[in-house]
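Trainee: Here's the letter readout for the chains.
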Amino acid sequence: DTEVTQTPKHLVMGMTNKKSLKCEQHMGHRAMYWYKQKAKKPPELMFVYSYEKLSINESVPSRFSPECPNSSLLNLHLHALQPEDSALYLCASSNEPRGDGELFFGEGSRLTVL
Amino acid sequence: QKEVEQNSGPLSVPEGAIASLNCTYSDRGSQSFFWYRQYSGKSPELIMFIYSNGDKEDGRFTAQLNKASQYVSLLIRDSQPSDSATYLCAVMESQAGTALIFGKGTTLSVSS
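Protein chains in written order, with the numbering used here: chain A, 28 to 141; chain B, 395 to 506.
Simulated from the structure, these hints should not be mistaken for laboratory data. Keep in mind the model is a prediction, meaning the values are calculated, not measured. One thing to keep in mind: the hints can contain errors.
To be verified - Restraint ranges, calculated between C-beta atoms of paired labels, are given here: (1) K68(A) / R454(B): 19 to 29 Å; (2) A107(A) / G435(B): 24 to 34 Å; (3) A411(B) / Y78(A): 43 to 53 Å; (4) E451(B) / E71(A): 27 to 37 Å.
Note that the Cβ used here is the ideal one computed from N, Cα and C, for glycine as well.
Kindly generate the complete structure, drawing on both the sequences and the hints.
Mentor: Here's what the structure looks like:
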């Protein structure tokens, strides 16, 4: 069982909707990540939070808005998405500052934009 | 643009054979290298990580790293049908701390 929990597992939304993806970990990890994965493609890094501060934003469109309310929670707010944003959104955490890079992934939230 | 390159496959091996998966990377400053396995529709799971040149063995898996050649590989001995999955090579960016950059993955098919 994964120790990174993502909700919802599946989400279908229209282009005018506002929704959020949620991620939670209780391993004491201080770095959390959002990755986007399209079918038959590798995960693409979107955002990195380190000690609850946004440290990396890989030029992601503003219709994706991350939020890290505390060290255990990570949200991804979605607004005015496009059909091409349909993908598996993966949350991950790692144990900084040890920085060995081992990521623990959640099971993902599969997003479909109509 | 930092890149991680893998042969997408599919790589097909019979049950019991050795599967060899290869990966090259462009960031010469990279220090940490990872192999993740991903079953269809599931999230990636860590198989091996390696930091030092040479070989690292864990059960049926051996990771090999050659920093001079910017090359990392994964050997799977006594391949089983349950090993059939996509194997993702990942490299930690030297400038970005703990952000992993993934290769496109190699699909392995083990036939019984």
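Trainee: None of the hints should be skipped; say for each whether it holds.
Mentor: Against the structure, the hints come out as follows:
For K68(A) paired with R454(B), a C-beta distance near 27 Å keeps the hint of 19 to 29 Å intact. The hint said 24 to 34 Å for the Cβ distance between A107(A) and G435(B), and at roughly 27 Å that hint holds. At about 46 Å, the beta-carbon gap between A411(B) and Y78(A) stays in the expected band of 43 to 53 Å. Against the hinted window of 27 to 37 Å, the Cβ-Cβ separation of E451(B) and E71(A) comes to about 31 Å, which satisfies the hint.
Figure legend: structure checked against the earlier numbered hints; every hint is met.
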